[in-house]
Amino acid sequence: MNRQRQDDHDIILAVRDLVVEHDGGDGRTVHAVSGISFDIRRGETLGLVGESGCGKTSAARAVMQLPRPTRGSVHLEGMNLAALPRKDLRPLRAKFQMIFQDPIASLNPRRRVRDIVGGPLAVQGELGTEEKNRRIAEVLSDVGLNAEQTMERLPHEFSGGQCQRISLARAIILEPKLLICDEPVSALDVSVQAQILNLLEEMKARHALTMLFISHDLAVVKHISDRVAVMYLGKLCELAPAEELYRHPGHPYTAALLAAVPAPDPKRPLGRIDMVAGELPSPTDPPSGCRFRTRCPHAQPLCAEQEPKAGEVSPGHTIACHFPLSG
Amino acid sequence: MAMPLLQVIDQRTYFETGRGLLRAVDGVDFELHQGRTLGVVGESGCGKTVLARSIMGLLPSNTRVGEGSRIIFDGRDLGALDEKSLRALRGSEIAMIFQDPMTSLNPVLTVGKQIGETLIRHHGLSRHAARGRAVELLRDVGIPQPEVRVDQYPHQLSGGMRQRVAIAIALSCQPRLLIADEPTTALDVTVQADILDLLRRQQIERDMSMILITHDMGVVAGRSDEVAVMYAGRIVEWAETPELFRNTRMPYTAALLNSIPRVDDPPHRRIDAIAGRPPDLIHPPKGCLFAPRCGHVEQRCRRHSPPLQLASDGTHAQACWFPQSVGTTP
Amino acid sequence: MRYILRRLRRLCIVMFAVTLLTFLLVNVLPGDIAYDIAGQDASEEDVQAIREDLGLNRPVLVRYISWLSGVFVGDWGASFRTGEPVLEAITSRFPVSLELMLFAQLLALLLAVPLGVVSAYRAGSRLDRGIAAAGFAAVSMPAFMVAILLILLFSMYLSVLPATGYEPISEGLWANLRGMILPALSIALAEWTILMRTLRAEMIGVLQEDYIALARAKGMADWHILVVHALRPSSFTLITLMGLQVGNLIGGSIIIESIFGIPGVGRLLINAIYARDFIVIQGCVTFIAIAYVLANFLVDMAYALLDPRIRVSAQHG
Amino acid sequence: MVDGTYDETPEAEADGQAEAIAAHRRRNRLGPIFWIPLVWIVFVVLLAVLAPSLGLQDPADIDFLALQAPPNEDHVLGTDVLGRDILARIVYGARVSLTVGVAAPLIGLVLGLMIGIMAGYYRGWTDEIVGTAIDTWLAVPGLVILLLFSVIFGGSLPTVCIGLGLLFIPAAARITRATTMNFANREFVLAARAMGASDLRILALEIFPNIVWPLVAYILIAIPIAVVIEGALSFLGLSVASPTPSWGGMIAEGREHLEETPHISLIPTAVMFVTVLSFNLVGDTVRRRLADLRDRAI
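Chains as they are written, first to last, in numbering that gives the first Met the number 0: chain A, 0 to 326; chain B, 0 to 329; chain C, 0 to 316; chain D, 0 to 297.
In short, the hints are calculated from the structure, not lab data. This one's a predicted model, so the numbers in the text were calculated from it and none came from an experiment. It is possible that some hints are incorrect.
Said to hold, decoys possible - With beta-carbon atoms standing in for the labels, derived distance ranges: (1) C:TRP222 / B:ARG269: 56 to 64 Å; (2) C:SER124 / A:LEU88: 55 to 63 Å; (3) B:GLY17 / D:GLY54: 45 to 53 Å.
Virtual Cβ for every residue (Gly too), placed ideally from N, Cα, C.
Given the sequences, and given the hints that come with them, work out the whole structure.
See below:
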């Protein structure tokens, strides 16, 4: 990761040693994210996968500075967001936007679609009413909604998929550079999920977006991402180009995750999940050394003593494991 | 062939709502034989959960069940049984597992008590014997340290463990039919595989019949003998599992399969999404309910509703006027 | 543990604030108590002497601190009028008030729990609507109104129960209870509705839970589901509410004690207010605040006993 | 559901819709349990407002010839212990009850709203201070606070309104705090912060519209409670000072003569009961409507 790249100027988001900790009550600290680093290049989609409780949502919100991370830096186009004072951060927010998992809770039930989608314009812009309305209509039809029919409605009059389109319209109305998607399709039915995934790809192309896409669904992540990062208990296990990661998983956890995906194909043999049965350790008291060692079938004494450093096994493929799988 | 364990005949379950009668399940027929697993697949609102609850007889008070609807379990017409006999059947011969293990276990009762009360109720065990049996059951479903866990409360267990407890409850009285309603939807993918394997293993070991309800084609693909696809309150396609995936006939099933992203696909492949939404079940359109979204729609589809037709070889049925015999993804 | 410590810290602040505020309030009472005590014919010197005697000419804060330090050693001062030590006056009357409140709460629960359970179980039925109507009538009648109607009915027309008069328990349990029935019933009738409604609402919610559906899927009998599975999880809010209702009970007993002539703390307080006997007011308010805070602490304990999620700490995240 | 997506075009489902809406309206028509109490409330309000121009007797006038008279030609509802006209006193008493009933909850609501929204949105220290203050306030029963209040500041309509209003602060603040917290964690608030909205904008545009309705529902419950507490206070003789009539005071005055002339207590009792019951019934219906609206919106 330290290797200086020539295309440094093309890195739109650089996250270094991001740490998110919060008070878990009882005086214990929850280590939600424990030092993760990654870059996202312009026009690229980085997928972030992991099971519930791995800290992927905390990481996404820390990038958004909602709330700010406990430690670490988040450079957006060279500007460290984590160190900016509040008032300087506020105008910059137009550059990075987010959509959320819950399509219903994402929209204020008491405000009309016009006001919801136009909200960012009211906060950030100085457009006149007419210009504003034109933009709102434009962006609504961009996400596949009939602007005339939707503008004056309240969110409860829409289905989950439509709500997610409205959220997306709100997120892109300011033409952000970076869009963070936190499980945007997890609450949707399969057929609607496909619509929204296609829409995201379209929007990405049309608005030159760079995306950080978070999901627990490996198939969905592969579909939309150029590169994929796997997270377990607050740490990055593995990061690689999508095709490479799915074909040659190097971290035992990645391999187990992939084996567990049920394929909609009875001919495909059921994968054997190579993972020690047991529970996800508590993020208030993570294991020493490698965090996955308590469930890793290949764990050695070294794994408990020393935390594995992320190492590059092939160009762009880094694995944080003392004994990565080969082949 | 022997008599089926379960026969569902023209099941119609309607709900009275503020806007009118909602046809949640609208004419479902199927049979299930001893020792077989039927996967019921469909998107939310297709009526799969209502179908399960109709079989269990667990329906809210605003329910209207159709005149000709029959559910025959082991030769007994459940609709004709009184509430007392139904209660004796539930939990002992037909058992059920719910979607969310966080909410389906009582937070104020110990795990052992929740397993044991079924045994006390149906098998007349003493408290002591029930507790002993609960420990055995916990061991059977793969819970470590069952002697300790038996006295714990649900909140002390993880999601996967709770679902194992729910399975232990369901298995406690050796049911002949197990209905699992989205048993892994609320769980992580690695836990999901364990739970599905456990269910399949228990089903085979105990020679139970099982109805596995899910929205995930991947879940039924490897773990069922036959699959019924539901859409808008009806079964639109039924077949033996390999047959259904190999030789999909109903356009909805094909479209559903095509809209699933797969780990084998290359990144950024455009998915063939199904346009539109499922129909309003209070004012359903005329004809085939999938017609407004179907890519192969003809005039006839919009006028007349197709019945579920069994092919001559008896292994495949579809409710479609123009069945396609194309496979899905090559 | 940390939670308990935080609560204790908050309790101390609350007690301090309550006593200080009442002290300040009571001491701005219009009219000079010294004049009242001295009588109309007293000379200015006499009044001054009384002030000196009672320490009234010191600044309020100094008086507060000296009063507070007295409280800790059991010296709550003495009534300006009767000279009776305040703490003794309160503790001798407290058992009477406690009996009244417990009796009232018991009656309220005896009404609320079965009716709440039944109306939740048969929600929307004729029975449910009947219970709701009775609830509306009851909640629209304050305790003093109920008291008057009960007196009219049971004491005057039927002559079965006494309208006033309190018999200590030494006169026999029945004699004592006989005098308590109408007062306790007056409070209970005004309070049961809110308990019943809360239980009903909670229970309707609980009956929709998956674990109730599972219990039904297990073939459990309805009464078993109601009592074993539903009642306990439904009663948490009820218990919290009972803690908050202690205030209502105290308020109700103040009025009811004065209507029925029951020698409790409430009557002591209200007489002190009429007479502006501020050291007694101060004592009563402090005592009531302590009682309220303690009662709520007990309620929290009961909550923890009933809810294993609080009693047994979670072992998994 | 609106059909707003281009690629989602279900067949015309509008024909059945109109009929369904009509049926819905029919079912939701308000019954006599709403209208009768409402008419009574309007009637009492009108009486109270128009009291001076109704040609009633002076409520303080003493008719020495008719002490404790039962209803008769001169005095439609009879006279009280001092020979004052009960009808006049009921009507003038309504002015006190209604003023307090509306003013006190409003005062409590406005103050509680401000306190609660701050505590719920900012949490941390603000929340801790507000929580302690509310605990302190609650540790002394409301009636005791009111009694002290009226002894100290004297019994006038404004002091009773303010004193009673203060009692509604804790509940209003708690409801506001709880709903604020509930909404403050929703994604739409996060989205507003993500677009750089200020706290003031978030509170005013995102949170406030969502917490208004629970508070309106609360006011509807609070009105009858305020009327009842004012009744208790005047029953104890600590509300508005005599000779201004108040319902509670009238009930108390007749208490000594229940045996011989029960009407002196029972008439104001009945009027107060019917009024409070009416407020409860109307309030309950409206509250349910609001809840339905909210359920549909969320």
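Hint-by-hint comparison with the structure:
Between TRP222 (chain C) and ARG269 (chain B) the Cβ separation comes to about 58 Å, which falls inside the hinted range of 56 to 64 Å. The supplied range of 55 to 63 Å is met by SER124 (chain C) and LEU88 (chain A), whose beta-carbon atoms lie about 58 Å from each other. One distance hint, 45 to 53 Å for the beta-carbon pair GLY17 (chain B) and GLY54 (chain D), holds here, with the actual separation near 50 Å.
Of the numbered hints stated above, none is contradicted by the structure.
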